[in-house]
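We have chain U; now place chain B onto it with these hints.
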Amino acid sequence: MRRKKHLLFATFEDFDKARDAVTELKMLDLKEMVVDEIELYSPIEHPEVEEILGEFHQPIQRFTFFGALTGALCAFLLVAAAGQAMFTVQPQGGKPVIPIPPAIVITYEGTILFGVLCTLAAFFIYAGLPRRMKKYSHYDQRVSEDHIAIEVTMLPEHTDKVRKAFENCGALEIREVTQ
Amino acid sequence: MSTYSMKDIEWAKINKDVLASLESPRALFWVVLAVCALLVLCGVAAEVYQYNEGLGVAPMDRPHFWQLYISNFVFWIGMSHSGTLLSAILLLTKADWRKPIYRFAEAMTLFSILTAAIFPVIHLGRVWNMYWVLPYPNERGIWPNFRSPLLWDAAAITTYATRSALFLSVGMSPALAICQDNARGWRKKLYTALSMGWMGRASEWMAFRKTYVLIACFLVPLAVSVHSIVASDFAMSIMPDWHITSFPPYFVAGALYSGCAAIITLFVMLRYLFKFEAYMTTEIMDKTAKLTFAIAMVWNFLNLGEYASIWYSNDMFEKEVLLQKFFGPYAPVVWGMLICATVAPFAMAFEKFRHNMWAMFWLSLVLQLGMWLERFQIVSPPLASNHEPWTWAVVWPGTVQLTLTAASFGWFTMLFLIFCKVFPSVSMYEVKEMVFHRRHASSRAEMEDIGKIKDEVVRSEEGLA
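In the order they appear, the protein sequences are chains U and B. Under this note's numbering, the first residue of the first sequence carries the number 34, and numbering increases by one thereafter. Under this note's numbering, the first residue of the second sequence carries the number 268, and numbering increases by one thereafter.
FYI, nobody ran anything at the bench for these hints, they're computed from the structure. Note that the Cβ used here is the ideal one computed from N, Cα and C, for glycine as well. Among the hints, erroneous ones may be present.
What the hints assert, rightly or not - Below are the DMTMM-like pairs computed for lysine to aspartate or glutamate, each with C-alpha atoms no more than 20 Å apart in a straight line: (1) B:283 <-> U:179; (2) B:455 <-> U:173; (3) B:361 <-> U:81; (4) B:280 <-> U:178; (5) U:59 <-> U:81; (6) U:37 <-> U:193; (7) B:283 <-> B:553; (8) B:280 <-> U:193; (9) B:280 <-> U:46; (10) U:37 <-> U:179; (11) U:50 <-> B:716; (12) B:455 <-> U:178; (13) B:456 <-> U:173; (14) U:50 <-> B:700; (15) U:38 <-> U:53; (16) U:197 <-> U:53; (17) U:168 <-> B:448.
To be verified - Some but not every residue of chain U turned toward chain B, in silico, with C-beta under 7 Å: (18) 110; (19) 179; (20) 205.
Chain U with its partners taken away, still in its complex shape (with noise of 0.2 Å):
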């Protein structure tokens, strides 16, 4: 049987005091191995939050280069099969049976166009995206006009420790969910 996920959902004014909470939490953590896991939400990027969430291990950038390679390749196969095929069927005296400088306008958007659509698979890996958001009933939507949420997953006796953190750092409403 899957084990419940107990978290708390807390909602901060501005940035400043969600960070303030992060770093109070991650010194609890240290302290007392309190949290599983520490999500923070965001009307807009923070890059800043790596500092002190840890860096996000995301290499979209491999995607990008092997979708870009894989394109390269399969558009020149293409070019160079249709010239083959060509050849055998419609013979034409001296031409090249594979023409090079249009087959690199062709591997050109090739490269192009798979670079990007992995890249965009990357994004989608790497983001949890598309999800469903029934199981997050607890998301608060004032989240996406000015607000900052963190959202804190722990074992159900640490719950007082953690919401006495979001309490000293100010924040507007906790939120107490078990999945």
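Relative to the frame of chain U, chain B by itself:
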């Protein structure tokens, strides 16, 4: 000049203002939409007539097999470059003033490509054979000819359209999540499906930003390649005035120029129709106008360079076409282009002019007219005085071609207005970011000023002591 300082806008107000634009545009919005729909209907009627009667009614006959449809194709492809400029080049150069206006420029890119893609189909005459450009062999084992620039066009435009649609839809996910939180009925269902469950998690933002920058890096060379390939449609031929080495950069500069002019037109239109005065400020218009002016000068340089290289090459066929362009039957088109696209942009050198929204609106229309004439004078005059004098003939576009041209403007504007009515045309999260960073920058500057004053006071006290 708008005195509204953008750093003072509250985040909640940004949401409120942009969401309000989805509900209640000005009454003129519906008038413009109706006119556009009417133009589209006229275009459909013209196309049905041409489909039944043949391309002769266009009229398209020897030697004018390429005419207004191809000019329009080049014009609309060029228009699509504005989105690239605003969403990719200015993103990579970290110009934050683009943030309130780049979303509609991206939408413009997509709809321009969709409009452009119609013209090769119309131009083909036998529209049912359009699928021949797809890369697969027919029953006799013959593949499409990959050596032809026309097929490169198909590959480039498909890539560009795919990328533009994906870039736009993914880029809108954070904004659609906001819409989803505030919508009801069919809109809520639509936004929920398109936002894909975006919640603004830190991991989502990190992946989003990386993806956006990576796609932007692809977008710049892609846009350059698309218009270079369109230029190759002409430059790869041996026609005088088409077989020119500088055609690809000339086309790219022209595309950016007409794209920028279109941004100005839509900027003023959206600002008025959707009441975006607080976001589409004079400051942003000023920067857009300066950018347009700079690109106009680049285009002018390349244009003059083209004339000079033809003149000094002393090729009799090339020279003949050039002289025919300036003094022949197409002279009004060429001189019209020079007045609209070379002389008129100098108005943007004046600050007072740049800060007048309606003056900029009319000027942008003049610039676009100039660029449209430019495309026409690229396509038609060389065909009228080519290598074979016995085929020389002047053919002007007829009612069918002109109707379809007008319909393309109606089609583009209609799609664009519907988009702006259904989706947020100002990127809410990027404007919030801009406000956030500007506010922090100004408070940092204030703190530095206070620090300096304190230091001076301490120093003067020490001096007194």
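Legend entry - Violations among the numbered hints, reported as their numbers in ascending order: 7, 8, 10, 11, 15, 18, 20
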